[in-house]
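Asker: Chain order of the listed sequences is A and B. Just so we're aligned, residue 1 is where the first sequence starts under this note's numbering, counting upward by one. Just so we're aligned, residue 1 is where the second sequence starts under this note's numbering, counting upward by one.
It is worth saying that the hints were derived from the structure and are not from the lab. Don't take every hint at face value.
As the list claims (entries may be wrong) - Partial list, computed: chain B residues near chain A (C-beta under 8 Å):
#1 T19
#2 V104
#3 D110
#4 L174
#5 S177
#6 F221
#7 G225
For glycine and all other residues, C-beta sits at the position ideal for the given N, C-alpha and C.
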Amino acid sequence: MATTTTTVSGAGPVVGSRSFLSRLREGDEIARLITFLFAASVVLLTFLLVFELWRGSVLPRHTFGFSFFRTSIWDPVFDQFGALPFIYGTLVTSAVALLVAVPLGLGAAIFLAELAPLRLSDTLEFFIDLLAAVPSVIYGLLGIFIVVPLMRQVVQPLLKQYLGFLPLFKGPAFGLGFLTAGVVLAIMIIPYIISVSREILLSVPRDQREAALALGSTRWESTWKIVVPFARGGILGSIFLALARALGETMAVTMVIGNTPVISASLLSPGDSIASVIASQFKEATGELYTQSLIELGLVLFLLTLILNGLARLMIVITSQRGSGMGHV
Amino acid sequence: MSARLRWRKFVSAFMLSMTGVCAAVAVSALFLILSYLVYHGGTSVSWTFFTRLPAPVGEAGGGMSNAIVGSAKLLLLATLIGVPIGFFGAIYLAEFSGSTTAFVVRYAADLLNGVPSIVIGIFAYTLAVLPFKHFSTLAGGFALGVMMIPITLRSTEEFLRSVPNPLREGAMALGASKWKTIATVIVPSAYRGILTAVLLAFARVAGETAPLLFTALGNRFWSPGWNQPTASLPVAIYNYAISPYEDWHRQAWAGGLVLLGLILVINIVARGILARGISVSRT
Numbered sequence: 001m002a003t004t005t006t007t008v009s010g011a012g013p014v015v016g017s018r019s020f021l022s023r024l025r026e027g028d029e030i031a032r033l034i035t036f037l038f039a040a041s042v043v044l045l046t047f048l049l050v051f052e053l054w055r056g057s058v059l060p061r062h063t064f065g066f067s068f069f070r071t072s073i074w075d076p077v078f079d080q081f082g083a084l085p086f087i088y089g090t091l092v093t094s095a096v097a098l099l100v101a102v103p104l105g106l107g108a109a110i111f112l113a114e115l116a117p118l119r120l121s122d123t124l125e126f127f128i129d130l131l132a133a134v135p136s137v138i139y140g141l142l143g144i145f146i147v148v149p150l151m152r153q154v155v156q157p158l159l160k161q162y163l164g165f166l167p168l169f170k171g172p173a174f175g176l177g178f179l180t181a182g183v184v185l186a187i188m189i190i191p192y193i194i195s196v197s198r199e200i201l202l203s204v205p206r207d208q209r210e211a212a213l214a215l216g217s218t219r220w221e222s223t224w225k226i227v228v229p230f231a232r233g234g235i236l237g238s239i240f241l242a243l244a245r246a247l248g249e250t251m252a253v254t255m256v257i258g259n260t261p262v263i264s265a266s267l268l269s270p271g272d273s274i275a276s277v278i279a280s281q282f283k284e285a286t287g288e289l290y291t292q293s294l295i296e297l298g299l300v301l302f303l304l305t306l307i308l309n310g311l312a313r314l315m316i317v318i319t320s321q322r323g324s325g326m327g328h329v
Numbered sequence: 001m002s003a004r005l006r007w008r009k010f011v012s013a014f015m016l017s018m019t020g021v022c023a024a025v026a027v028s029a030l031f032l033i034l035s036y037l038v039y040h041g042g043t044s045v046s047w048t049f050f051t052r053l054p055a056p057v058g059e060a061g062g063g064m065s066n067a068i069v070g071s072a073k074l075l076l077l078a079t080l081i082g083v084p085i086g087f088f089g090a091i092y093l094a095e096f097s098g099s100t101t102a103f104v105v106r107y108a109a110d111l112l113n114g115v116p117s118i119v120i121g122i123f124a125y126t127l128a129v130l131p132f133k134h135f136s137t138l139a140g141g142f143a144l145g146v147m148m149i150p151i152t153l154r155s156t157e158e159f160l161r162s163v164p165n166p167l168r169e170g171a172m173a174l175g176a177s178k179w180k181t182i183a184t185v186i187v188p189s190a191y192r193g194i195l196t197a198v199l200l201a202f203a204r205v206a207g208e209t210a211p212l213l214f215t216a217l218g219n220r221f222w223s224p225g226w227n228q229p230t231a232s233l234p235v236a237i238y239n240y241a242i243s244p245y246e247d248w249h250r251q252a253w254a255g256g257l258v259l260l261g262l263i264l265v266i267n268i269v270a271r272g273i274l275a276r277g278i279s280v281s282r283t
């Protein structure tokens with residue numbers, strides 16, 4: 001049998017240049033077709049998802065148009081639906097989460113990548129991976145019974161006492177609200193920031209560190225002024241990735257945010273987010289317009305995470321290529 | 001030593017120890033979560049928890065047997081949908097496809113992977129609940145299956161690609177056809193990785209609540225067959241946790257402990273399979 005095989009460049013598969021008929025007889029073409037159908041179904045599902053979200057939200061798009069995003073009245077009884085309180089809630093809780101999670105996550109990633117011996121680093125990373133596997137509803141459970149009482153009795157009174165002059169910390173301390181949701185979200189996204197940032201930091205070439213140390217910088221200076229700026233793009237990518245998670249996070253937020261569609265400058269106030277309003281109201285939504293408004297909120301959420309994920313992936317790829325491109329030995 | 005140098009050394013030591021504190025805080029979160037669950041839920045996990053239906057409000061006892069069985073059914077469906085599509089799709093990507101098709105499929109999978117779980121729930125609702133006009137186990141399983149596809153696909157492809165090319169060339173030089181090479185050489189030599197990928201995907205969807213809220217809904221009783229709303233462990237935990245009853249809170253803690261235990265065990269086993277020597281060298 002004359003089989004001349006050529007290797008496609010890189011890690012690509014081996015391609016036979018045998019005739020179509022002989023490949024068909026040996027089953028290759030059939031296998032190719034079958035696996036292609038499975039692969040194509042992934043693309044099909046994705047298209048279908050976008051299509052269903054678009055089709056499912058026709059009514060509110062026609063009824064409200066762009067004012068859907070500008071009005072803050074959410075009144076199912078009078079069929080008035082405005083998305084502003086939920087967009088606001090999503091952004092505020094995510095911002096709080098990032099404020100808490102970025103310093104903590106970045107610090108931990110620096111420790112794991114720069115300081116800890118490899119074995120310790122791997123062990124800790126194993127625990128971090130397990131932390132990332134904890135389901136959202138468990139975070140919500142701990143949020144309701146542990147974090148909310150803690151917030152109501154200890155943290156929020158303290159904040160009011162010392163920072164109460166700021167509009168951020170006015171109003172009664174319910175426990176439930178933007179701040180609590182943000183803190184719970186922070187705990188949930190820290191593992192993502194740590195894992196990705198650690199990988200990126202580890203991919204920074206050794207000579208960068210050695211050069212900085214040889215010029216007389218301290219360990220911290222070489223880390224903070226040389227290694228971290230070098231990995232900047234990738235770290236930003238990990239933050240975007242975490243932000244995308246935070247925006248779409250549903251259960252934990254639903255359980256601690258208070259489920260009230262209000263826009264308030266105070267972080268202590270209860271609120272609602274896009275994901276949490278869908279989770280808490282979709283099932284009970286009566287009437288086409290109500291359901292479809294919730295679906296449109298889902299579409300908004302989808303587009304937000306789509307953009308963030310795309311940006312994040314781009315930055316991570318660019319940075320890690322830069323790292324390996326500069327003579328990583 | 002000049003004052004400035006001393007200051008710089010102090011800053012270095014201080015900041016570096018702070019990073020250690022950050023790492024300690026992050027890792028301790030896992031142990032805090034575990035100990036809270038054991039402390040609050042440990043006493044409620046008993047034989048009746050696994051074998052009884054939920055008790056009515058105000059009545060002590062009762063279990064979550066229907067939710068556990070419901071979760072098992074949902075996960076079985078999810079695996080039946082997610083694993084074949086992910087696995088065969090990955091074979092196409094790694095062994096057959098040209099670079100353009102591969103890019104499109106990979107892009108779609110990454111996109112699907114980034115979709116928030118609640119949006120997957122809406123998708124399953126419009127596709128598998130609305131046309132039939134009732135919530136069902138099938139719809140819930142479909143939602144979870146959709147979530148499993150991209151995770152299985154991407155990691156299986158990674159592991160297939162890490163099989164060295166000489167193995168492929170060797171098999172084909174011996175006259176094996178391509179599909180035979182894949183079935184007898186490539187997949188067997190990557191099976192540990194593939195198994196890990198499937199287990200991790202399984203563990204990931206096992207704890208998902210949001211896609212089930214309005215697909216599988218929930219049920220206080222047994223759900224016969226596949227066409228009726230069914231209880232599931234994550235949704236039951238959610239419903240119990242937000243209820244005002246003390247008894248139900250205890251059930252939520254117990255459910256949480258069982259769910260997290262299951263997920264952590266699967267994760268540890270999956271990583272163990274991979275660590276115990278993957279048969280191909282990964283670069």
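Asker: Please go over all the hints and tell whether each is borne out by the structure.
Answerer: Structure-based check of all given hints:
Using the Cβ-Cβ criterion of 8 Å, the hint placing B/T19 at the interface with chain A is satisfied: the shortest such distance is roughly 4 Å. Proximity of B/V104 to chain A holds as hinted, the smallest CB-CB distance being about 6 Å (cut-off 8 Å). For B/D110, the suggested interface contact is upheld, since its CB lies about 7 Å from the closest CB of chain A, less than 8 Å. Against a cut-off of 8 Å between C-beta atoms, the interface hint on B/L174 is violated, since the closest Cβ of chain A lies about 10 Å away.
The criterion of a C-beta within 8 Å of any C-beta in chain A is met by B/S177, whose closest approach is roughly 4 Å, and the hint holds. Of the supplied interface hints, the one on B/F221 is violated, with its beta-carbon coming no nearer than about 18 Å to a beta-carbon of chain A, more than 8 Å. Checking B/G225 against chain A: minimum C-beta separation of about 22 Å lies over 8 Å; hint violated.
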